[in-house]
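Residue numbers (UniProt numbering), protein chains in the order written: chain A, 1 to 200; chain B, 1 to 200; chain C, 1 to 200; chain D, 1 to 200.
Worth double-checking, as some hints may not be accurate.
Just so you know, same-sequence chains aren't split out, so a pair can sit in one copy or run between any two.
Below, simulated SDA-like cross-link-like pairs (lysine to any residue); rule was C-alpha separation at most 20 angstroms, straight line [claimed, not checked]: (1) K34 to L48; (2) K34 to E116; (3) K34 to L191; (4) K34 to L49; (5) K34 to I70; (6) K34 to G96.
Derived by calculation from the structure, the hints in this document are not laboratory data.
4 protein chains.
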Amino acid sequence: MSLPDPDQKETGRIEAFSDGVFAIAITLLVLEIKVPHEVEAGRLARALLEQWPSYLAFLTRFSFIGIMWINHHRIFRLIHRSDHGLLLVNGLLLLGVTFVPFPTALVADYLRHPDEYVAVMVFNGTYLVISIFFNLLWGYAYRRGLFASSTDSRAPRGINRAYLIGPLLYLVAIGLALVNATASLVLNLALAIFYGLSRD
Amino acid sequence: MSLPDPDQKETGRIEAFSDGVFAIAITLLVLEIKVPHEVEAGRLARALLEQWPSYLAFLTRFSFIGIMWINHHRIFRLIHRSDHGLLLVNGLLLLGVTFVPFPTALVADYLRHPDEYVAVMVFNGTYLVISIFFNLLWGYAYRRGLFASSTDSRAPRGINRAYLIGPLLYLVAIGLALVNATASLVLNLALAIFYGLSRD
Amino acid sequence: MSLPDPDQKETGRIEAFSDGVFAIAITLLVLEIKVPHEVEAGRLARALLEQWPSYLAFLTRFSFIGIMWINHHRIFRLIHRSDHGLLLVNGLLLLGVTFVPFPTALVADYLRHPDEYVAVMVFNGTYLVISIFFNLLWGYAYRRGLFASSTDSRAPRGINRAYLIGPLLYLVAIGLALVNATASLVLNLALAIFYGLSRD
Amino acid sequence: MSLPDPDQKETGRIEAFSDGVFAIAITLLVLEIKVPHEVEAGRLARALLEQWPSYLAFLTRFSFIGIMWINHHRIFRLIHRSDHGLLLVNGLLLLGVTFVPFPTALVADYLRHPDEYVAVMVFNGTYLVISIFFNLLWGYAYRRGLFASSTDSRAPRGINRAYLIGPLLYLVAIGLALVNATASLVLNLALAIFYGLSRD
Numbered sequence: 001m002s003l004p005d006p007d008q009k010e011t012g013r014i015e016a017f018s019d020g021v022f023a024i025a026i027t028l029l030v031l032e033i034k035v036p037h038e039v040e041a042g043r044l045a046r047a048l049l050e051q052w053p054s055y056l057a058f059l060t061r062f063s064f065i066g067i068m069w070i071n072h073h074r075i076f077r078l079i080h081r082s083d084h085g086l087l088l089v090n091g092l093l094l095l096g097v098t099f100v101p102f103p104t105a106l107v108a109d110y111l112r113h114p115d116e117y118v119a120v121m122v123f124n125g126t127y128l129v130i131s132i133f134f135n136l137l138w139g140y141a142y143r144r145g146l147f148a149s150s151t152d153s154r155a156p157r158g159i160n161r162a163y164l165i166g167p168l169l170y171l172v173a174i175g176l177a178l179v180n181a182t183a184s185l186v187l188n189l190a191l192a193i194f195y196g197l198s199r200d
Numbered sequence: 001m002s003l004p005d006p007d008q009k010e011t012g013r014i015e016a017f018s019d020g021v022f023a024i025a026i027t028l029l030v031l032e033i034k035v036p037h038e039v040e041a042g043r044l045a046r047a048l049l050e051q052w053p054s055y056l057a058f059l060t061r062f063s064f065i066g067i068m069w070i071n072h073h074r075i076f077r078l079i080h081r082s083d084h085g086l087l088l089v090n091g092l093l094l095l096g097v098t099f100v101p102f103p104t105a106l107v108a109d110y111l112r113h114p115d116e117y118v119a120v121m122v123f124n125g126t127y128l129v130i131s132i133f134f135n136l137l138w139g140y141a142y143r144r145g146l147f148a149s150s151t152d153s154r155a156p157r158g159i160n161r162a163y164l165i166g167p168l169l170y171l172v173a174i175g176l177a178l179v180n181a182t183a184s185l186v187l188n189l190a191l192a193i194f195y196g197l198s199r200d
Numbered sequence: 001m002s003l004p005d006p007d008q009k010e011t012g013r014i015e016a017f018s019d020g021v022f023a024i025a026i027t028l029l030v031l032e033i034k035v036p037h038e039v040e041a042g043r044l045a046r047a048l049l050e051q052w053p054s055y056l057a058f059l060t061r062f063s064f065i066g067i068m069w070i071n072h073h074r075i076f077r078l079i080h081r082s083d084h085g086l087l088l089v090n091g092l093l094l095l096g097v098t099f100v101p102f103p104t105a106l107v108a109d110y111l112r113h114p115d116e117y118v119a120v121m122v123f124n125g126t127y128l129v130i131s132i133f134f135n136l137l138w139g140y141a142y143r144r145g146l147f148a149s150s151t152d153s154r155a156p157r158g159i160n161r162a163y164l165i166g167p168l169l170y171l172v173a174i175g176l177a178l179v180n181a182t183a184s185l186v187l188n189l190a191l192a193i194f195y196g197l198s199r200d
Numbered sequence: 001m002s003l004p005d006p007d008q009k010e011t012g013r014i015e016a017f018s019d020g021v022f023a024i025a026i027t028l029l030v031l032e033i034k035v036p037h038e039v040e041a042g043r044l045a046r047a048l049l050e051q052w053p054s055y056l057a058f059l060t061r062f063s064f065i066g067i068m069w070i071n072h073h074r075i076f077r078l079i080h081r082s083d084h085g086l087l088l089v090n091g092l093l094l095l096g097v098t099f100v101p102f103p104t105a106l107v108a109d110y111l112r113h114p115d116e117y118v119a120v121m122v123f124n125g126t127y128l129v130i131s132i133f134f135n136l137l138w139g140y141a142y143r144r145g146l147f148a149s150s151t152d153s154r155a156p157r158g159i160n161r162a163y164l165i166g167p168l169l170y171l172v173a174i175g176l177a178l179v180n181a182t183a184s185l186v187l188n189l190a191l192a193i194f195y196g197l198s199r200d
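Just chain A, same shape as in the assembly:
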């Protein structure tokens, strides 16, 4: 601890700032679940059940932002050094994360509307952009050699393959929305589960 070791310190603060952004984005969501008002006697249970879409939206957004945090964590577990470019690329990723509540609310509001395909395309388009930013972050750290020297060289490569596929599959999901909006959402969900559960 006597040596300055500025690189380690830098990564710590990028992670702390990112954690703050993820934590706020994930916690603000509950504010959108409303208590039903002026319910007659004997009707509260039904009134609560009827607002299932708002619970589902809460659960979906929580899961998606949580999964993105896990992936961010997974990449930064390997990164031990930092530079100016890493701050900028990480900033792009956080921009995507803080934007997520908007397309999610859009899909929730327009799901049975004739224009639902537009909402689903915006939704999948957001994840397309985020998956590109994840690739940028990973690729930047890889090319600049910011990984810990002790990192097993297979770990970055495994992440690499999983991330490269992401943008392609989100492009497919965007095209699919023109044919079938529900199928497009299901593909999005499948991708989220894949990125959430896959172990490196």
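Fit chains B, C and D to the known structure of chain A by using the hints.
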């Protein structure tokens, strides 16, 4: 500090992210206490006293989220290593924590309503789920051997017993709500005090 | 880093959680400054100047929460070990901090109202309670010997004297509100400046 | 880790608190992008495109707060020790950061209004004050010798020159607003890009 020691680093970031979520959930609550509007001369003191339920709700929610933070802290004081599953199980627990404001508002709004038992069941049901998630977290860390090697083996076992009782007692509280909603809330409060004050 | 050193780890997390609470409480305040709407041509500058009370309220709240953070920081710079009681006492203090926006809004709304003395008493009463909690925190850490062994024994004693005077002066401010609400607020401000600027 | 090393601990907590403030300020912004309501069939895409100013405002504010975080990070990478004055000066800077959403909303609302020059002057005035606070922070740390002893003496001097120019250029931008509000905004944007992209 020359060795990579990736496990310690991981726990630190899970705790930082969780701290952020707890801190936001506990701080947002004050936004719901409103300043009384257009009060006549000589009536402000009474107007302030009359909104005692909103102070009580603020106090209750603050205490409950605070107690959950203390318990989270207590478990992670013992956990020194981390893996992918720990991230997922901890995520479930945070999902429960961020959901708490909704059932609390529900009880506050429906406490003297004929359907108050529904509100109290949802309230205790939320804590049942959270207590199960606490057991999952503790059990996962125990089975995967994520505790620090220096941990006194009695500490985890003491926590274990206190946590295993939790879901059973919350189930009792849910059943009790069908008979007497107030008694069910009192049992919930007693459990919160027990988990808040018990020292390991 | 090879020794577990659980005490240091604990203090770190209490501070991180407290930092989150302070940061959120201090940042949410700007949401209450509103952009003036539908202002005629040539009137925007005046419209902006006319809402000076909302800038003053923003500045006051920011300063007060900032000063409390500095004092919290000052105490925890000395505390290196932690136990269950410290979590509870620190929780009481955070409860006071998250409550601050309510009495501040109350004073802003009722400052030229016949009942302004009520609002000012609630305002100073909140700071009375917070100053008692600061004494509790400091006294608890002192009695339980949670300070770092290297701590100069004069530093805690200096803080001690400054903190013990606090509750007495806030009591004076509460009594003063019955005679003159403005004088009571000025005393509160003077105390805030004293605690903000005094160096240990 | 056996030595107390209180200075390093202090800087860590100032940075953690500041990170929290920056993270909240940057994340709250998305709450202001609204989902368009009651859009007729076939009109959603257009309705979404028509609210481009709110996306632009989101992007602008995110970038500006992000750039200020990068600059804060850059300064604190060099600062390793802390004292009471640093807390106060850093507090001034955070005051400026939490205020940013107000002038940004002001410009967004009054951009094609006859009084747009007032809004743009407030906007650039805010950045003038923030740039002065950045100079105060840097100057304070420099004069009090709070930099790490290992710091290359050229790094602080490089930052010094870039920061000293800031207030002068923001003064020019304020004057320019009287002649041409758009040109004043463009100069502000150019400065933001300069401070965001310049590497030390």
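Going through the hints against the structure:
1. K34 to L48: Cα proximity of K34 and L48: one copy only (10 angstroms, versus 25 angstroms across).
2. K34 to E116: between (24 angstroms within a copy, 17 angstroms between copies)
3. K34 to L191: Neither: 29 angstroms inside a copy, 27 angstroms across copies.
4. K34 to L49: within (13 angstroms within a copy, 26 angstroms between copies)
5. K34 to I70: neither (28 angstroms within a copy, 28 angstroms between copies)
6. K34 to G96: between (26 angstroms within a copy, 17 angstroms between copies)
Violated hints for the displayed structure, listed by number in ascending order: 3 and 5.
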